[in-house]
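Each chain sits in its own coordinate frame; assemble them with the hints.
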Amino acid sequence: MTDTQSSRLAAETATGGSIVDVSFTVNGSATSVTVEARRTLSDVIREDCELTGTHLGCEHGVCGACTVLVDGQPSRSCLMLAAQAEGRDITTIEGLAGPDGELHPVQQAMMDAHGFQCAFCSPGFLMSTVALLDENPDPTSEEIREELSGNLCRCTGYQSIVDGVERAVKIMKGGSK
Amino acid sequence: MKAPPFIYHRPETLDDALALLAEHGDEAKVLAGGQSLIPLMALRMGRPAHVVDLGAIDGLAEITEADGAVSLGPLVRHEQANRSDVIAQHAPLVAQTMPHVAHRAIRTQGTVLGSIAHGDPAAEMPAVVIATGATLTATSSSGERTIAAAEFFEGYLDTALRSDEILTDVTFPAWPSTAVSSVVEVARRHGDYALVGVVTTLDITDDIVTDAALAYFGAASTAIRVSAAEQSLIGSSPSREAFDAAATIVAAELAPPADIHGSTAYRKHLAGVLTTRGLTAAVDSIGVPA
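Listed in order, the protein sequences are those of chains Y and E. Position 84, counted from 1, in the first sequence is what the numbering used here calls 84; the numbers after and before it change by one each time, with no gaps. Position 76, counted from 1, in the second sequence is what the numbering used here calls 76; the numbers after and before it change by one each time, with no gaps.
Hints in this document: simulated from the structure, not taken from any laboratory. As the structure is a computational prediction, the values presented were derived from the model and not from experiment. Virtual Cβ for every residue (Gly too), placed ideally from N, Cα, C. There's no promise every hint is true.
[Claimed, not checked] Here are the computed distance ranges between Cβ atoms for each label pair:
no., chain 1, residue 1, chain 2, residue 2, range
1, Y, A30, E, K2, 22 to 32 angstroms
2, Y, P137, E, D284, 28 to 38 angstroms
3, Y, M1, E, E151, 13 to 23 angstroms
4, E, P176, Y, E86, 36 to 46 angstroms
5, E, K2, Y, G101, 30 to 40 angstroms
6, Y, E102, E, P4, 40 to 50 angstroms
7, Y, A14, E, M1, 47 to 57 angstroms
[What the hints assert, rightly or not] Covered stretches of chain Y, as calculated for chain E (at least 3 residues, CB under 8 angstroms):
no., stretch
8, 8-22
9, 154-161
Next up, chain E with everything else stripped away, as it sits in the complex (with noise of 0.2 angstroms):
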């Protein structure tokens, strides 16, 4: 369980580490909490010839807002978010969503772009960027890019980032007044990746749904939403027989890989559960009747 050799870098600024990045390109890692990838070096499933530590750099751990939009930098560590005003004012879904992000040891290293940039199908901050419709930037030496949540995520532990690029920041749009939100998920232990999960936003106008957003983790190779089961709550009241009948479009269409601790049966059946649940989690907190 130790990482084989690599070459240390501790750059100072962030042109330094993507000078560094363009050089080594597909050898490099960056490291920024190391919650993902010392583990994973740990374990030998990666390899990286040289490591890229934006330790070292200030000015990476802002958390800004303008217009209600809420940006946060590459540095921004998961308990920073968790304690943040402004991220409890004005993207309340990612702080309902940093309580169920591992334990406080690992949230007060690990970041939330790390999060993101990692990739993991079964945790979090993935599906809560592509429930909210989050605009991530990359930026490499030769400039920046934005990518949006839903290009962003391609395969297994895979993104949209190139091997000389570091996602420098994560923007959730402006939060309505009228959306609702909840994350719901089941784990063997509380903190550990959930076995299936779900990011619930709706928008209710007038008893109305509006918009709805439904995005699984755990679920697929990806974090990804059941449009189907979106499209069948926009226009209705939200009520039981509608949060059922969503459910039971969620469990027809994933499949969720089976693992040691979950069979593909018992997921999608916990997708369908959670579906209800989830549903049920996010309009109670308005206490809009289901």
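With the rest of the complex left out, here is chain Y (with noise of 0.2 angstroms):
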């Protein structure tokens, strides 16, 4: 635990609240934290695995910004406890690369259309993407608008998302790009 955890849990006991020991998998990695219950999987994931590329947006599950895999389904991790993720497997922005860096193609294909401006949104949209490929290898495009209207993005009008993920598709599909 490093010194800026040890004082976090300091600081949660004093409130009175439930402390507790949570278990699960995080980007295939077992993981163990002691926190508070009240504290959100999304703040853990941040905060105590240090995984911050899980963003947070509006914290009460409008933006899907903090869109994780959990089992492998889509969640919003800032509407789970992480006392909830006991013994689940959790996926985030970083387990979508392979381990020499290499992106994924959902990644490679969102940056080569432009997917991205300032990029906030960009986590909740890939793990969403991620989400409806892995069940529905080729949606059309009212599906992948669809699957994709429970995340905002605030810069580039949707347009070139929607793009990125039919290039992602055609990428997936061993075509051409």
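The structure is reproduced here in structure tokens:
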């Protein structure tokens, strides 16, 4: 535990709320944390696991920036207590690229399509897209828009994001970029 | 946007969960999928001293069918219901509703019974419950009782559930082979809470409407049926004229509360428009000319 984490835990203990031990897997690594029960999964991912690629926008489930995969299913990490993640398998944006840093096809395609501007929303869009393509490798444009309707972007106007998903579909089917 | 501190309980049996509720009562909230409770706590609109998480209890995510009636346990997630063959076959209105409930990343965690117990007047499931006349089972450490749909929703985010009870079952009655239904809504963004929406069911035999339910969400302090409009449809053939007449009654009867997203007048107008749209969509599904 780092000094920052120790002092945080000391402050949390002083609030009188429950302190819980939670074990789960993050991007393939077994992880155990001791945190106050009110801490959300998103806060624990960012502050205890030090994986700051998961972004927090609204913190009440509207914007989708904090979307991660929980047992392969897209989920809002801000609407889940870390305690509820006991025994679960979590995948964050940091878990998409290969061990040698090679980008996931969805990351590469989104970059190629200029699907980012400020990129605050991008981790959520990418995790939602990975979940969509995992289940439906060849979605229609309408299906892409419907699936991504739970993620907000204030920069791109969405067109380049949808283009990025369509490009990813082509790459993942083995076609040309 | 962080929840206030609370004592967290993660019981492994339903009996243990009920004992905790019996002990802590008004001070406790039940946590299932958390998609309503966690934001409420983050916004500090709710400050339970105790949170009883049902997540470690086995056997609460069952979907069963008996004589055509479909029952759901308290940990059935919306997405699980969305993909259930049993629901698709025996509770088509529930299946029709699921894609309207929030977004997939919320449906994967949020539970159907949690949405019902939360009783948000703008949510779809309470309207489905009152439209179908579903039966709700509330369990406490002193036993269980059944509550009729019409008795369940008492006010804004307020239900007949007592603080020591868990909503353990919802049972949708057998779906008549002659019934048709639709769910239509107007929302600012697909998957958001609707400004107004309506769950419509019609039972049609020999081109005559023999039963009707029009259950509105986002239109009052609870999900609400407009019986005068339903009665106006019964006994006649489904037609555009009959639907418009029902819509006029609805727009006159409902007085939806205003908020930043829409005035009362706009929502009344929407309720009328959606009445015709919902009835038309319901009969379109079987090709009855409207």
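Self-check item: CB-CB spacing for Y/G101 and E/K2 relative to the 30 to 40 angstroms hint
Solution: holds, 34 angstroms
Quiz prompt | Pairwise beta carbon distance, Y/A30 to E/K2, judged against the given window 22 to 32 angstroms | solution = Taking Cβ atoms as reference, Y/A30 and E/K2 lie about 27 angstroms apart, which means the hint holds.
Practice problem: Using the beta carbons of E/P176 and Y/E86, state whether their distance is inside 36 to 46 angstroms or not. | Solution: holds, 43 angstroms
Quiz item: Using the C-beta atoms of Y/M1 and E/E151, is the stated range 13 to 23 angstroms upheld?
Solution: violated, 52 angstroms
Quiz item: Does the Cβ-Cβ separation between Y/P137 and E/D284 fall within 28 to 38 angstroms?
Solution: About 31 angstroms separates the Cβ atoms of Y/P137 and E/D284, which means 28 to 38 angstroms holds.
Practice problem: Kindly confirm whether 47 to 57 angstroms is satisfied by the beta carbon distance between Y/A14 and E/M1. | Solution: Cβ of Y/A14 to Cβ of E/M1: about 21 angstroms, so the range 47 to 57 angstroms is violated.
Quiz item: Counting residues of the stretch 8-22 of chain Y with a beta carbon closer than 8 angstroms to any beta carbon of chain E, are there 3 or more?
Solution: Our answer is that it holds, as 5 residues pass the Cβ test (under 8 angstroms) against chain E, meeting three.
Quiz item: Do at least three Cβ atoms from the stretch 154-161 of chain Y come closer than 8 angstroms to Cβ atoms of chain E?
Solution: violated (count 0)
Quiz item: Is it true that the C-beta distance of Y/E102 to E/P4 lies inside 40 to 50 angstroms, as the hint says?
Solution: holds, 44 angstroms
The earlier numbered hints that this structure contradicts are 3, 7 and 9.
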